[in-house]
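The chain contents come next:
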Amino acid sequence: MFQVRFHGRGGQGVVTAAEILSVAAFDEGRHAQAFPSFGSERTGAPVVSYCRIDDREIRTREPVMAPDAVIVQDVTLINQVDLFSGLSPVGFILINTSRSFEELGLADLYSRFAPARLATCPATDIALEHVGRPLPNAALLGAFAALSAQVSLKSVEKAIRDHFAGPVGERNARAASAAFDVITRFTQEVARAGTN
Amino acid sequence: MTKRPIHFYQVGSFAVGNRLLSDGDRTVQSDAARTNSIDSGHRACQGCGEALGARYALDAAMRATRNRVVAVNATGCLEVFSTPYPETSWHIPWLHSLFGNAPAVATGVAAALRVKGRDDVRVISQAGDGGTVDIGFGTLSGMFERNDDVLFICYDNEGYMNTGVQRSAATPPAARTATTEVVGPQPGNTFGQGKDLPRIAMAHDVAYVATATVADLHDLEAKVERAMSFRGARYLHILVPCPLGWGSASNETIHVARLAKETGLFPVFEAEYGVVTSVSKIRRLTPVQEYLMLQRRFAHLFGKNPRPDIVTHLQEMANRNIERYGLLEDEVARPRHARTEVQV
Amino acid sequence: MNKRPFAITLDVGSSRANHTGSWRVERPVYVERLPPCNDACPAGENIQGWLYEAESGDYAAAWHALVQENPFPAIMGRICFHPCETACNRVKVDEAVGINAVERFLGDYGLAHRLSLPPAGPPSGHRVLVVGAGPAGLSATYHLRRMGHEVRLVDSAAQLGGMMRYGIPAYRLPRDVLDAEIARVIAMGVDVQLNHNVEDIARERDEGGFDAVFLAVGAQLGKRVDIPAGDSAKILDAVSFLHRVAEDDAPMLGRRVVVYGGGDTALDAARTARRLGATEAVIVYRRTQEQMPAHGEELEQALGEGVTMRWLSTINQVDNDTIMIEKMRLNDEGFPESTGEFEQLGADAVVLALGQETDLSLLETDGRVRVRDGVVQVEPDLMTSVRGVFAGGDAVPANRTATVAVGHGKKAARGIDAYVRGVALESRAKHELATFEHLNTWYYSDAERTQRPELEKVRRQDNFEEVVLGLTERNALFEARRCMSCGNCFECDNCFGVCPDNAVMKLGANAKYEIDYDFCKGCGICAHECPCGAITMVPELI
Amino acid sequence: MLEQIEGSRAVAETVALCRPEVVCAYPISPQTHIIEAVGAMVKEGRLSPCEFINVESEFAAMSVAIGASATGARSYTATASQGLLFMIEAVYNAAGLGLPIVMTLANRAIGAPINIWNDHSDAMAVRDSGWVQLFAETNQEAADLHVQAFRLAEELSVPVMVCMDGFILTHAVEGVDLLEQSTVDSFLPPYDPRQVLDVQNPVSIGAMVGPEAFEEVRYLAHLRQLEALERIPSIADAFEDLTGRRSGGLIHSYRTEDATTIVVAMGSVLGTIKDAVDIRREAGEAIGVVGITSFRPFPSAAVRAALEHAEQVVVLEKAFSIGHGGILATDVAMALRGTDCEIHEVVAGLGGRPITRQSLEGLFYRVGRGELDSLLFLDLDADVVNREVERMRASRHSGPSAENVLRDLGEPRVGQVS
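Protein chains in written order, with this note's numbering: chain A, 714 to 909; chain B, 899 to 1242; chain C, 16 to 557; chain D, 7 to 424.
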């Protein structure tokens, strides 16, 4: 089972992101489960959602305690929420930012993981470019597909188009594809650096 | 307006305060030692109009009563964001029971105070528009007709925002909500429905009925103060924009409320014993379009497939209010203080 | 009281444990922006600042704030052409704030209450020669004295004031006002030498042992043009004419006076002529009213006093008691061109008001000071091509107004101060301009501008009584309070009041406010509802 | 002082002796006589200080009581049947907030079909609300239970419902020994609220509690009811010490010592059962009866102690869970876990159907002979039921069968309904 935890703020589409990821996995014939964590917080408050992917039926309903990946939609949460709590030592981290882990003050964290498992992606910029609105969730899903290889870009794009009707879906799918390319290049570089 | 305009210091009648105003002309909110009846740390959305309206109203009531206010709160956003265990934002005695019974609970509080001879302590019951015009309507009407000594405040954000923006009987026509989607030939909420609760309250002949918005603090505070000068049932209806439900920018909460009044869509007035005694005149008459365009819930009226017919319909509603209440300055003034001699 | 039910009943105010500042992606920050009036003021006055003091009715504080930059509020309040009012954001609401009228009120208040300028600074040991006792020279003197520098102020005229005395008629600037405000500067301790014509600036500087010189010699020579004229034609220039009037030596002009030109000096000359007994005072100007450089209010007052205008006309010939004028028309580019239509007018005298030139003879012996197009060339700090020699006012390229000259005086004083102390002139960083878009004008009360009363026209005809009268205290206060305080917090409590999260702390009178970032969710209402644009939202950094 | 008095009147007089400060009510048969009488006493000043509020619904009635109680006033209301269901949200809320409200429930059936007569369906509908539910056997006990109810409620900060059979008790005129004011005053101290809306000492009452503490809140409410299991008998003892009268307590046992068959029931039917038991005893049958006074909290231990020696237990109740069976019987069965008692569920007296001694005798006779099914509906008209069942099989149409049943019975019954 592969478990993903999304961090963002109320109103940023965190729940939608988990849902789309689960649909992408479902489309690949896998079992998937997406669910939110509801609090009394409102727009702007830190919120989380979860997605589980497995090849078997997923029966558990407990919250995700030890995620295999953490996706951070809003980088301003870094000093405010325990974002990486319970994350597997071989887990993935994907942060929506144009900066590096070092610039974010996360050098320590970075040093504890394999380089190919941690990535930052300027998803908001990509969304602004392709979608015209600062909603990074579709782009992050594309980036996640590239980073984790848990789902294919094709499935992610399809799930996005299913979720957002018409041209909005198309634009979001393009954002996902662009982010996928960014992270693919990144992982290739890491791989090259690793072999050198 | 209940309050005479302050003549004149730069922003005398409009801004929250001013370094040069006399104490009597200062708003409660300008006082560094105001109660903050609802305090920081509440979990309302950014730019929440209801959090603001509640503090405005209750702080004013606290001043008017020399800090002797007990509040009853219906279920809803205000209740949920202010009192999730283990924290409460309130600094006043506060009781939450149910969604539809805040007026009746307040009746009980008032009865208990009366039986204990505590006529110095005053009761405020508050709810959103759902708890007022819909599920709480029966108990509210009962509280009105018994003339219980309660000021009921409706924080009207025109929908069920707590549950995810569904339609209430206070949702304006054409507005998108989760239960009045923008599909079909008449997108959004239906025309010709909804309750005008201030007028219904007036029909109960209660001592005092007023409307206000979070955009005019002086007016709002004056109305709370005026309301607290009466005994018996009173009603204050405050328009509180909801950035989430209206799709307005969080920094435009006050601006949007102001335009609601300046367009005439939300008439601001007060009435005593069933008779309108004053209205807040429109200062800068604004076409409804300007108001509507700030809110995504009306976005379907503009853009690629605009609906000027619906905008016109809404403009007609505003015009009707302007005519009904005489909201324009140059209109013949209605008789002021034309109040009956009935005393409580 | 632990007998309360668990979880259901809570202690008040406990939510302060929940720091909602973590929700914020943008933070409000208080800023100061440059008000457009300040930006436009040639004298560099902090207009918004002194209006702020005046708003509270503390006129002495307002006066003191004003004279930090400009020692002549009563003069400026009369003769300044107030570009501040043109720039005023309130123009877009109703009408500009009557800054000039309030300035005059404060100036007169200062005189009436004998308020003192700031004292001279402790002696610096440096000596400065100021040539010319007009607005530039006097302003420089004032600022230099405050910096502790010794000043010798020389002027070729018999009295101090330069063009303020010899160019501006008394009905615009009463002499008692002029004298009183100049006297206050001189009282700071100034070595004044009048009737002193500097002939060689280098020599004067060396002999006096001055560390620096400020040339503020003005533009005292009236421009002349060649107009065919009969022998007995009476033609004089406006500068000399006004100068003589100021010295109680008014020339005889006759009954019908024609003034040629379109500037303020032309109007001054025509209106002065009326007061000297001319029954007709006609201004002939080759362009249109719209193109006239004179200020509108001056023109209105002149017309009110019976001065008449001949637009689109040039004088072709001056004879004994007539002149010939030619009608002009505007070509496609808006320039006047001849029409060949002529008209004869009766005229006993013609006053030429076609501009002024600077007398730079005192520089001739040296020749090192660079001069171009009849004016002295200066660096931004007003230093000329010769080290230690500064110039300002009408003698350098700029608008020739008293206010610009006052500003030059201050600027030169700062330049000189830096020079004599051997340090670089600090450049003051300008704040971002507070444009109209920064304001939320809803909050300003509707208030039309107060009009200044004027002397009844019939009483202006034969004397030099002041035409424009001052504001009453009540009106001045009203007018001051029309100021929107653009870009500068004036403690209206809006931010404190409109925050849904009580995250703005009010620190008390004059201490303004502080954002409590523990709770600020960054909604931005405070910035949006700040009337004067003194809050900005900046993205939250990690 | 012993008076021949209507049950409602006796309750009203006793409630007044308890000095309630806020009384609110909305009329519904068969509760009306109680609140009419209290209202009159307030109006004439006999009950003072007291605010009597005529509200617009039962929902408002309980809400007013909530507000008044939270403000430190002793609060009382009364209702029945549909009224209880209309206020049910507030009923749960009062318990959740721990407000010591006392309410009389004049037990009545629940529609549809609308029916104003007695059974216990209404009380059962709020069985799990967190209220203490005490069932009165007689009007004397009904009156006495109110005094004990206020004391119990205020000691534990729980709301208490005194259930008395509608019409059968409320409208029955019989001898009731009304207490003296001084007696009640000495038994019932002034209300000292555990939490109160006080401007000097403000608190927030009624917070939203999430998953992190909700279960604990509920468990604590349960503990409070368990505490009530101890307080109810001792309050009854104290009452007996003061008045010499045994009222209240958890259960009443009658001729059970040597009984091999014990009947269990609640409310006024206990009297008829006792008569039937006496007759069966004369016939040589070892039969007794246990009356449950405290239905919530349910006195499992006391019930077990009273029943465990019996071979057969007959639980006769005026309500049932449709699709399942007896409600009280289920509770009794849980109390008797691990014993060899055979339990029979008998549903009787629904919608005011009279429970006659004769029927009961017949029932007990059959019990004695081992002829009883596990679930029996006493005095059910099998012909009517069978005809309707056949008709339903024929048409397969869903819908109310009450009209058909009435038609079969020959004449529609017309009665005053609320």
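Check each hint, because a few of them may be wrong.
Computed spacing ranges between beta-carbons, pair by pair [to be verified]:
hint, chain 1, residue 1, chain 2, residue 2, range
1, C, H34, A, P880, 17 to 27 angstroms
2, D, L226, B, G1082, 48 to 58 angstroms
3, A, I771, D, R399, 43 to 53 angstroms
4, C, H34, B, N965, 25 to 35 angstroms
5, B, N965, C, V438, 28 to 38 angstroms
6, A, P847, C, E352, 58 to 68 angstroms
Pairs of lysine-lysine, PhoX-like flavour, derived with a Cα cap of 25 angstroms [claimed, not checked]:
hint, chain 1, residue 1, chain 2, residue 2
7, C, K445, B, K1014
8, D, K49, B, K1093
9, C, K527, C, K445
10, C, K249, B, K1179
11, C, K249, C, K342
Example chain B residues on the side facing chain A (calculated, C-beta under 7 angstroms, incomplete) [what the hints assert, rightly or not]:
hint, residue
12, R941
13, C943
14, L1142
I should point out that these hints are in silico values taken from the structure, not numbers from a laboratory.
We put the CB at the ideal spot given by N, CA and C, even for glycine.
Hint check:
| no. | hint | result |
| --- | --- | --- |
| 1 | C:H34 to A:P880: 17 to 27 angstroms | violated, 41 angstroms |
| 2 | D:L226 to B:G1082: 48 to 58 angstroms | holds, 51 angstroms |
| 3 | A:I771 to D:R399: 43 to 53 angstroms | holds, 45 angstroms |
| 4 | C:H34 to B:N965: 25 to 35 angstroms | holds, 27 angstroms |
| 5 | B:N965 to C:V438: 28 to 38 angstroms | violated, 60 angstroms |
| 6 | A:P847 to C:E352: 58 to 68 angstroms | holds, 60 angstroms |
| 7 | C:K445 to B:K1014 | violated, 66 angstroms |
| 8 | D:K49 to B:K1093 | violated, 36 angstroms |
| 9 | C:K527 to C:K445 | holds, 22 angstroms |
| 10 | C:K249 to B:K1179 | violated, 66 angstroms |
| 11 | C:K249 to C:K342 | holds, 22 angstroms |
| 12 | R941 | holds, 5 angstroms |
| 13 | C943 | holds, 4 angstroms |
| 14 | L1142 | holds, 5 angstroms |
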